[in-house]
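Please work from the sequences and hints to get the whole structure.
Chains A and B supply the protein sequences, listed in that same order. Counted from 1, the first sequence has number 1 at position 1 by the working numbering; the numbering is strictly sequential. Counted from 1, the second sequence has number 394 at position 394 by the working numbering; the numbering is strictly sequential.
In short, the hints are calculated from the structure, not lab data. One or more hints might be untrue.
What the hints assert, rightly or not - Result set (EDC-like, lysine to aspartate or glutamate): computed pairs, CA atoms no more than 16 Å apart in a straight line:
1. A/Lys69 with A/Glu40
2. B/Lys408 with A/Glu146
3. B/Lys408 with A/Glu169
This structure is a prediction, so every number in the text was calculated from the model and none was measured.
Residue-level listing of the chains:
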Amino acid sequence: MSINILMPALSPTMTEGKLAKWHVKVGDTVTSGQVVCEIETDKATMEVEAVDEGKIGQIVVPEGTEGVKVNAVIAILLEEGETSVPAGAAAASPPPQAPEAKTEPAPVPAALKPAAATAAQPAAAAAVARGQRIFASPLARRIAAEKGVNLAAIKGSGPNGRIVKADVEGAKPGVVPAPTAPSAPRPMPGTPARPLITAPGDQRVPHTAVRKVIARRMLESKQTVPHFYLTVELEIDALLAGRQAINDVARKLGAKVSVNDMMIKACAKALRDHPECNASWTEDEMIQYGAVDISVAVATDRGLITPIVRNADMKGVAQISVEMKDLAGRAKTGKLKLEEFQGGGFTISNLGMFGVKEFAAIINPPQAMILAVGAGEERVVVRNGEMAVRQMMSCTLAVDHRVVDGAMGAQFLQTLRAYVEQPAAMLV
Amino acid sequence: MADTNFDIVVVGGGPGGYVAAIRAAQLGMKTAVVEREHMGGICLNWGCIPTKALLRTSEVYGLIKHADSFGLSVKDVSYDARKIVERSRKVASQLSNGVKGLMRKNKITVFDGTARLDGTEGGQRKLAVAMNDKSKVALTAKNVILATGARARQLPGLETDGKLVWSYKEAMVPPEFPKSLLVVGSGAIGIEFASFFRTMGAEVTVCEVLDRILPVEDEEVSAFARRAFEKQGMKILTSATASIVGKGANNVTAAITSAGKTQEITVDRVISAVGIVGNVENIGLEGTKVRVEKTHIVIDQWGFTGEPNVYAIGDVAGPPWLAHKAMHEGVIAVEKIAGVKGVHPMATTNIPGCTYCLPQVASIGLTETAAKANGRQVKVGKFPFIGNGKAIALGEPEGFIKTVFDAKTGELLGAHMIGAEVTELIQGYSVAKTLETTEAELMATVFPHPTLSEMMHESVLAAYGRTLHI
Chain A
1 MSINILMPAL
11 SPTMTEGKLA
21 KWHVKVGDTV
31 TSGQVVCEIE
41 TDKATMEVEA
51 VDEGKIGQIV
61 VPEGTEGVKV
71 NAVIAILLEE
81 GETSVPAGAA
91 AASPPPQAPE
101 AKTEPAPVPA
111 ALKPAAATAA
121 QPAAAAAVAR
131 GQRIFASPLA
141 RRIAAEKGVN
151 LAAIKGSGPN
161 GRIVKADVEG
171 AKPGVVPAPT
181 APSAPRPMPG
191 TPARPLITAP
201 GDQRVPHTAV
211 RKVIARRMLE
221 SKQTVPHFYL
231 TVELEIDALL
241 AGRQAINDVA
251 RKLGAKVSVN
261 DMMIKACAKA
271 LRDHPECNAS
281 WTEDEMIQYG
291 AVDISVAVAT
301 DRGLITPIVR
311 NADMKGVAQI
321 SVEMKDLAGR
331 AKTGKLKLEE
341 FQGGGFTISN
351 LGMFGVKEFA
361 AIINPPQAMI
371 LAVGAGEERV
381 VVRNGEMAVR
391 QMMSCTLAVD
401 HRVVDGAMGA
411 QFLQTLRAYV
421 EQPAAMLV
Chain B
1 MADTNFDIVV
11 VGGGPGGYVA
21 AIRAAQLGMK
31 TAVVEREHMG
41 GICLNWGCIP
51 TKALLRTSEV
61 YGLIKHADSF
71 GLSVKDVSYD
81 ARKIVERSRK
91 VASQLSNGVK
101 GLMRKNKITV
111 FDGTARLDGT
121 EGGQRKLAVA
131 MNDKSKVALT
141 AKNVILATGA
151 RARQLPGLET
161 DGKLVWSYKE
171 AMVPPEFPKS
181 LLVVGSGAIG
191 IEFASFFRTM
201 GAEVTVCEVL
211 DRILPVEDEE
221 VSAFARRAFE
231 KQGMKILTSA
241 TASIVGKGAN
251 NVTAAITSAG
261 KTQEITVDRV
271 ISAVGIVGNV
281 ENIGLEGTKV
291 RVEKTHIVID
301 QWGFTGEPNV
311 YAIGDVAGPP
321 WLAHKAMHEG
331 VIAVEKIAGV
341 KGVHPMATTN
351 IPGCTYCLPQ
361 VASIGLTETA
371 AKANGRQVKV
381 GKFPFIGNGK
391 AIALGEPEGF
401 IKTVFDAKTG
411 ELLGAHMIGA
421 EVTELIQGYS
431 VAKTLETTEA
441 ELMATVFPHP
451 TLSEMMHESV
461 LAAYGRTLHI
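Laid out in C-alpha cells, this is it:
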C-alpha cells in the first residue's frame, strides 16, 4: 500500500507554503530521517524529513510551487514490493483543508516531520533560478560570495559567457537581477543597482533574518495590499482618568496599565463588535476570525516584531498589561515562541511615546487593518462653541480595501472612539 | 605569376607566424607567409626543438653513467659529437618539413624571401618582398602580421665570432664538444647549454650578472638549481660580468669581475646568452605609426600596432620570449582581425615557462616574492620529490613543487617546480589557472598514483597545512 506524503504544517498557524525544493526524485529510496524536500514559509525555510521508508513513486507537487495547502499530497511513497503508483492513488485521498488553522495547530502529517529550520535563503543564493545553471569559475564564485555579488546579475566575459574573476571584481555588491523566471525571488526593496559605498567610513551591514522578513513582508504588503487610511482624533481625558482609577487598584496587584494596554482592549472590543474587520483576504474567500487576537508592534534591537495578545476582548486590562510586559520583554531578548508572534487578526503600532503626533502604518498581512497610534497631548478643541483644552490623540487606521470598505472602516473607528472616550463601555 | 593579393600576409614563419597563418586559413582568409630562411623559425630550427634533442642525449647519457644504480652494467660509454648533432638536426628538419606540409594542407602560400611594409594602396597594405632567388614580388593584403622574431643580443666585449665565442646557433652544431666552457647569462638558453655540456663532460662555468641564476624563476627554485648544478660540478658566479680579453687558436680568455675582484679564466669556448633583441630592422617600419621600444614593437592586447591593419606577435612584440606565447598571440590577432566573437586577450600571468636543464625547471604565474610585492597575502605550499613514490622509483629524488595561493580568495597565483619531468607537469596548473580554480578544486582533484603529479596535489595540500606524505 503506497503512502501519501502530505504537506506538513511547520507552525500552528501555517495554512500553506511553498514547496521550495525536492531533495529526492522518482525512484529514489528514502529512509526515515532523510531530508526529502524544503518548504518555505514567510518566516523560514525548513527541511522536511521522511518518517517512513520506501521508494518515491510519484512527485505530485513540483518544486517551486507556491501556496501548497497544508495536508495536500505532495508525493507518493511506494512500500517494499510495490513498483508503481496505483492509478488515482493521489486522488483517492483528497487533500484535506487546513482545519481552523487560526486557532488549532494543524496536525503534522504522518509521513513527514519538519527538520531543523534553516535560515532564510540569502538573496544571492536564491537568485539562481532553478534549472538555470550559472557558468562561473570557482574563483569568481568565491570572490562573489565574499563581496556579496549576485552572479545571476553578472554578464560573463569568459568563453561562452562564463563569469570569470575580472567580471566579479568589477561588479558591485548587492546587484540583484531582474526576475527572469517565475521562481526567481522578488527583488529586495532598496537594493542598490549603483555603487552606494563611496566614502571611507561607509560600511556594509549584513541583513539579519528578521530584517529580511520585515523587508519582504512590508514590500509584499505595500505592493499587493490596497491600503486606504482613516484618521481620527480621539479625546482621551476619560481614558486617562479611567486608567488612573484602574491603576490605583491594579498597583496592588503589581500591574501598571498603560494607555497602550487600554488601546489594545478598546481595539479588541471594537473588533468583536465588527467581526467583518477581524478578517483576511484570500483569493477564494474571506476568512473571518473567531478569536480577537491583537498583534502589538514592539521595537527590538533586531528589528520590529509583533507579539500577540490573544483573546484580548475577553481579558481585563490588568491582565493585558501583564501579558504585554512579558511578551515585550521576551521579544527584546529574542525569546518569543513561534506561536506568540505568528498569527493575530489586527495590529496596533504606537509611536506616541516618541512624540509622534500621527502616522500611517503598513498593514501586517494577512491582517486587514493596522492602527497607528500617535502621542496623547493637550490640544485646544471646540466644545459647545467654546474653546477647551483636552487630551487628544490622533489615530490612523490603515485598511485593506479588499476586506473592508471605507464606511466599514469608519464605523469601526466610531465604535473604537466610543470605547476610548467612554471607557466604562468596555466593561459591558 | 603567383597570386599576390591576400587577406592576411604573415611576415615570418616561426611558431607565431605559421600558427597565425593556419588560424587565418581556418577562418577562410586567403593567407600568405613570407619566410626568409626556414619554416618553423628559430624555435623549430635553432631553438626549442633541436636543443630538446641534444638535451635528450645528455639525459640518456647521464642515466647510463648511473646505470649501476639501476642494476645495469654498461661499460665503455662514449659518445660521438657528430652523431649527436646530426640527430638534433634531423629532428629539426623533420619538423620543419612538417610545417611546410601544414602550409600546403591549409592552402597557405609561402614566399621564401624578406618582406617589408611598403605603404598602402586603395586601403590595402602593400609589401615589397625580396625573394631569396633575387626576384622581387609586390604583395597586397588587407592585414599584415609582423612575426619577425628576435636574435641573440650582442654585448660589447662578448661579441660572438661563430668559432670561439658562440651564440645559441653555433652552440647547437659544434663540430666537437668543448672540454671547457664559459656560459655568460643564466636564463633558459644559457642554462640549458650549460647543463647539456656539463652532462657531456665539459668543465662549465656560468657567469650571471644578477645575484642568482634563472633570475625569472622563484628564488627558492634558483637557489635549488644552483646547488644541484654545483653538485654536478658546475661553477657558478653570480653578480658577475664577463668580457673576452684574449683569444688563442682554440681557446678564449675571459675576465670575470665579481664583487670588485677580477679573475681571468681560459676556456675552449664561450657561449653568449645575454638575451635577445627584436628583429625590427628592414621591415619597413620607418614612416609608419608602429612604435619600437627597447628593440620591440609596441602592441595592444590584440597585437595591434597602431598602424592601420598592421599587427605584431611573438618575440618581436616583446617578452616573454616563448614560442607558445607567440602562437597564442597569433591566434588572438587573427581572430580579432576576422571579427570572431568572444576573443580574449591573453592572460599574461597564465603563460607557463619551461627550462630543460637537468633538473628541469617549470613555472607559471607569480613567484612568492612577486605575489607579496603585489600586496597579496599568500599561502605557500611546498612538496619535495623525496616524498613521492614515483620520483624515488625513477631514481629522481631531487626537486620540489611549490604553490602560491592568495590567502583571501584561494586563487592559485603561481606554481614553481624543479625536478624530473616538471616541464610536462606544469600544464596541470596552467589549466587550473585558466579555469580559475581555487585550492578547493585542486584538493578535490584525483591525481593518479603513482605519478609525479601527486606532488602537485600535495603542494596544494601543504599550502593549507594538509599535506599527507611528508
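Cross-check of the supplied hints:
Restraint check for A/Lys69 and A/Glu40: satisfied, since their Cα atoms lie roughly 12 Å apart, inside the 16 Å limit. Restraint check for B/Lys408 and A/Glu146: the C-alpha separation of about 9 Å stays at or below 16 Å, so the hint holds. The hinted pair formed by B/Lys408 and A/Glu169 meets the criterion: a straight-line CA distance of about 14 Å does not exceed 16 Å.
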